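Protein sequence lines, in the order shown, are assigned to chains A and B.
When the letters of the first sequence are read in order and numbered with this note's numbering, they come out as residues 23 to 751.
When the letters of the second sequence are read in order and numbered with this note's numbering, they come out as residues 159 to 385.
There's no promise every hint is true.
In silico negatives: residues of chain B with every beta carbon more than 12 angstroms from chain A [stated by the list, open to error]:
1) R173
2) N192
3) E195
4) K341
5) E350
6) K351
7) G373
As a list, the in silico DSS-like pairs of lysine-lysine whose alpha-carbon atoms are at most 27 angstroms apart [unchecked claim]:
8) A:K434 x B:K333
9) B:K187 x A:K207
10) A:K723 x B:K270
11) B:K263 x A:K158
12) A:K577 x A:K698
13) A:K467 x B:K270
14) B:K270 x A:K739
Here are some, though not all, of the chain B residues that point toward chain A, as calculated from beta-carbon distances under 8 angstroms [unchecked claim]:
15) P167
16) G168
17) P197
18) Y210
19) I268
20) E361
21) R362
22) F377
Calculated directly from the structure, the hints in this document are not laboratory data.
Remember, it's a predicted structure, so these values are computed and weren't measured experimentally.
The beta carbon of each residue, even a glycine, is placed where N, CA and C say it ideally should be.
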Amino acid sequence: MEVNEQIAVDHGLKKEEYKKICNLLKRVPNLTELGIFSAMWNEHCSYKSSRLHLKKLPTSGKKVIQGPGENAGVIDIEDGDAIVFKIESHNHPSFIEPYQGAATGVGGIMRDVFTMGARPIANLNSIHFGSSQHKKTKNLLRGVVHGIGGYGNCMGVPTIAGQTSFDSSYNGNILVNAMTLGLVKKNKIFYSKAAGLNKPVIYVGSKTGRDGIHGASMASASFDEKIEEKKPTVQVGDPFTEKLLLEACLELMAGDSIIAIQDMGAAGLTSSSIEMASKGNLGIELNLNKVPCRESKMTPYEIMLSESQERMLIVLENGKEDIAKKIFDKWDLDFAVIGKTTNSKNIELFYDEKQVASIPINTLVENSPMYDRKWKKTKLPKKNLIKKEEFKKFKIKEVLNKILSNPNVCSKEWIWQQYDHTVMGDTIQKPGGDSGVVRVHGTNKAVAATVDSSAIYCWAHPLTGGKQVVCESWRNLISVGATPIAITNCLNFGSPEKEENMGEFVECVQGIGEACEYLKFPVVSGNVSFYNQTKEIGIKPTPSIGGVGLIKDYKQMITMDFKEINNLVLIIGKTEGHIDQSLFARNILNEKNGPPPEINLFNEKNNGETVLQLIKGNLVRSAHDVSIGGIITAVSKMCIKGNIGIEFYKPKYFMSEIEYLFSEDQGRYVIEIEPKNLKKVESILNKNSVHFDKFGKITDKNMIINGKTKVTIDELKAYNTYWLSNYMN
Amino acid sequence: MKSAVITFPGSNCDRDMHVALNKFGFKNKMVWHNDNELPKSDLVVLPGGFSYGDYLRCGSMASKSKIMQSVINFAKSGGLVMGICNGFQILVESGLVPGILLRNKYLEFICKNVFVKIDNKDNPYFKNLDKEVFELHIAHNEGNYFCTNDQLKEIEDNNQVAIYYCNDNGKTEEKFNPNGSLKNIAGIFNKEKNVLGMMPHPERMIDQSLSGEDGSLFFKNLINNIK
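For reference, chain B alone in the conformation it holds in the complex (with noise of 0.2 angstroms):
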């Protein structure tokens, strides 16, 4: 299975995505911002990190950089594209997904273990998980998922919400939603569910002397729905 990450000026988990990307099967290639074409890939993911060191918006100028309009229109003829925290926002910066990502409820950035719930497996990346409370590590300023309500109305209508924030038991509620998010939203869907924007980083939950493993699953599964 191919794999590229895609390194914007400032982004800086495109290694660790590498690295994960690797470890579980894939053959990744680093592509730079400022090219013109993909290379034939299964997967495209956008990585972690301050693409243009976060000016104007977090996200918005690097969803403006050449290499996009390639991962647009890859993402439009059915590819997989995944967006991970600044990759995230790039996605809703690109239109790609819906939504905006606005500063954290308590303005301060967070970087910490979390419990996200996964219950929507009808779709490439969840398909096969075999349970639904994953810990997964965070670590964002700009994390703080918002739509517009009849956004959220369609976003709902259409199953495209793929992670929420929750606690242990997998329990939704406010209190376990570190940074204000809408529905203690942590990832989404585009409409066709190829295109994945979240704000949690697997690739730094991979083995077991870091902050956890439930990462590898989320690769190892990702890696067998593809083939």
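Bound conformation, chain A alone (with noise of 0.2 angstroms):
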């Protein structure tokens, strides 16, 4: 086929993209090529909407042993061990296929993830669906969660946290975005740079079939009515090939034969060979009849651009060939020597003896596209004038009730109790905690993950939800005890075309970048979905933080329930009464505008370096933060997991009940305490200067709020357990 314009935009480029590679090239390029460069220069591959503005962001810092631009990131947990970590979304294909889409999306950071050498010891994920009245949500649900389940817990490794929203901006696009943390030893991690010239280039894994080719073209579209058509881009995956891959690739590692190693991922083989390729300085030259085949006849065209799933593409030492081979045997797994690298700088693609393509590497990577697109600012909302007696004609019970049940607050056991969390022994804290929390195998250390978003506030005012969703994962580690390290972002938005939700991206990247240079909580691995949206709808900004920290001895790991009668419960940080873009507000005024929560970052900082003192003075028997919904909604759920009671008062401020109770201003924790700490902890508190309230005691079996409302424990396990389970049977 000659290849012109219209095929090069029937592949996803811009009439001035292929023009550039025209120039580039001298020539026009044939179909293959034009493949491949379709596929190195999408969005979802090249960046070029989103680079500018990512350079931006802090990606370094004492823990840090390798920031974004690897197949994960890596930091360092002391003793000679790091922490290998990434979230990656999987958005279009779960729309398609939730299934698939959702279990490849699991499957493929955990590729990112061990590729690195580093054994996966932990999953989570973060999953956003429309409005639960909508008629695709409970299909989508159901199958992306089965989809998670039925990858992760075939791998045997736990899901151990994990965030689901509903929401109608996720009507049309539903986000799927997995997470995966893997142990390596510092001194045996392995990168994707090649190094030296005619090394033999390996195939090991699954063989390569016709499924997803495309699919990052197609990760980097919008969404419209014929989206059914689009089910053949969608990869299947085999999880039992990837723990076959996982086991043969780390015994291989556990010797010296690799130079580099590269999963892969989106756009299969074409990214991987390319971008080993380019990080060496190096060029490669593939023989495509030697890649292993699950069909026949399959075109060079194809064998490029599928994305068939459980595949790596690894740079040996010369003579390591028999070694490399023996494992890949004793697993079961294909092995074929397809290539090598060379000097030429050159892709160079040899089929039934004939060049099939040859293309100068730099023009894929380094010449590839970036675009300063236009962005619109968003002005902070102005604030709602509520008068206080609105405030007055609700019964606290009842709105109780309905922010407990709520789809974005209620329990997601229905969810969590389809994944294996505690499969390799090492589960200290399950999901539905503020962190999960896995020890470190055999030794004193343990690791906490969370993954977060909050939509709503990015949607009010981006800069200031890209600053709180980074703040909200700080406080969430520190609930449990863990000293934040660093995290990994997944930036979901809608077009980069369109000046608002570029504009969208832009601010709660800066956020994002302010928040984690003032925490000194690193960025060290992300990934950016764009065009989530159906025709022209893009979903409110959608930026997942996934924080990771450190607790250095696992028998000082906090948990959120609450512990024993008597003790004292003290909330951490002021509460002004901010009800704009609250649960309350949203749901119970039916209030929809003004701004979000301001972050300071000072007393962000200030309170939770304060609260983890308390924590290492083994000063705090429970903890959790203040997020949606309120001290309330908090303290709640501390009562339903302690199967314990509370009595509590409203400190005398000028606001009311209501605003006490369900107000979301942010940098708060609920802490409980014996009372014979009262005075040392008041003493640390007043010295650090951070602002506590004296709010309750620990009682028997009932919450009782002010002296007068009384709701028993099994009447707030109602209200939380039972709304997704009803809705899901």
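Once you've looked at the hints, go ahead and assemble the two chains, each given alone in its own frame, into the complex.
The following block contains the structure:
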């Protein structure tokens, strides 16, 4: 087929991009070459709209071993150990085919982690669906949960935490973000940079099939009513093969055979071979007849663009082929020497002894387009003036029932019970807490991880929302007693070609950057997912932040369940009564406008570090951050989990009970302390100038509010527990 | 005491079982599915996981793997063979214990703590256990035990039911059945009671920082019985 502009446009390239290709090559590309350009230059692989802004994120720090640019980020957790982690989106495939889309999302991110030599030790996910009333939501949720479980459970990696939300902006474009943490020895980390000439290039794993061809291009386009036709672009996962691949790779990595290794993820063989060569400033030559194929007569075009799963590309040391082959044979995996590194600085493909493509690698990588897209700033919305009398008409108990049973607050046990969260025998905090926590096998250390997003706040004011979500991650780590180290981010947005959506992106990234910088909580890996929209309607901006922290002595880990009658409960951080954009405002007052709660980074850091100091001093029995739904929601969950009550009074502030209990001011925690430690705790809080309220006392089986409203623990449980399971069954 | 844990392609609780056995005093060896011979052992364990990806039927392909002939011979000669979760499925598929394991009643994977009742103590596994109700952990998609009426009669006549799902008081009613198993059966013996298949994972409950510690009681008792 003769390539022309129309064919390039059909590949998702812009006309001017096609012109640029012809200029760079000084000729018209053939179809295989065009396919390769379209795969490398799409948004998903090239970050062409986001690169300029991502550069501004803080990515280094004392604990950072590897920042963005590798398969995953790496942080130091001392004693020669390191944690490799990353989050990635699989949104578009999951909407088209929820089971396979979600499953391969989980498979892909685990591969990114074990490619670096790390054994995956924990999975997390952040999943977002349309309104619970929308006709597709239930099936999509079921499919995604089954897919995540189907893959992660089979791999034998525990899924330890996650986040699920419902919002009508995801009706036509759900989000599935999967995150994996792996454990590796600092001196055994593997990278994707090839080195040396004439080194054998090895293909291992599954055979290449026709599935997922142009998956990355699909992921870089908007949806329309013809979406069903895109089903063949969704990859099909096989977790069994991936489990074998994991064990085989780790076995090979124990030796010294590997120079570079890269998994075949988006854009398959194309991006993996080009990335390795590009990083090593080398050329690469592949003989496509040698690629193990599932079907006969696959064309070079199909082989290069297939996104079949569970495959790896490795550059080996010369003479190590037999050692490697023996290991992959043992695990019943395909193994083939398919090419070698060269000094041509080109990617050269051969098929049936003919050269079928030859492209200078720098044209695909360094010369890929980069856009400074137009974007629009979002003004801070005006505060709503809600009359104080308004609040008086509400009965707290009724409001509490509505809030605790809200789909975005209710228990997600129906979901996480379907994920194996205890395999590997080191899960010491399971889903449903502030962070999931796993021990570092055989040591006294533990790693905490959380994934968070706050699309409502980001939508109302992206700059504030971006900061908020980083702070929430930080708080969730501190609440379990972990010292926050670094984050990974998955940036889910609408079309970068629309100024509003691009503006949301730019300002969220700015907010994320400011918070990370201030909190010394750098970004070490991430992924951008644009075009999350159906027709013209974009999703609410949804950056998902995956935070990781370290607990040096796992016996000091904190959980949120209230522990003991007569213990005291303090609220750390100041409550100003910010109701705008709270769950209360949106769902009870039906007020969707107004600014999100303000972020004060000084207080955030100071409050968080002080809570951590109290925890490390063994002064805290339970802790939970205050987030969506306000103080009373946080406290209710602590009661439910501890199966124990609380009696509390609103401090004498100039605000109504409703404002005090349901407002969503930031930087706050609820902590439980023993009465004998009160003086000590107060003196530390005062010394650090941390605002706190003496809030209440733990009692038997009831929540008693201001001496008048009584809610039993069973009532709290009934409000919070059943919405999701009733909805799904 | 020597034990052996078999690793099949797709096993994923093999390490956990290895850790647990060693913790309670066994000298454990990992054995590859493609080996012909078992090392000299007092106990052989088929661990949990997804052997052969659960393709065809859970446990069916593993039951035909090379090492299984030795395991079957070992069991027939009276050796102790224990299958946990996927290991139970392999035991069923290889005919070492009766019945089959269907998909869970609500067609969903279940990972949670459950209570189980162990009152059948005339066997090397549970002899000397001084309580009846245990809190153990399950994590499976196909744990719904089923057998024919004739088989059930034989199983009950021979006192082969090893473990029942129950509540914290040991009541074995249907509502405490997590997966639809016939008669709340969570584990079963062969006729001679040297082979035990069970869905719960005692190896995940071996220290107080995990979901619970009742698994420790199980292992401590087991090694004392074997000594």
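Practice task
Against the earlier hints, flag every one the structure doesn't satisfy and list their numbers going up.
Solution key: Numbers 1, 2, 7, 17 and 22 - these are the hints that the structure violates, sorted from lowest upward.
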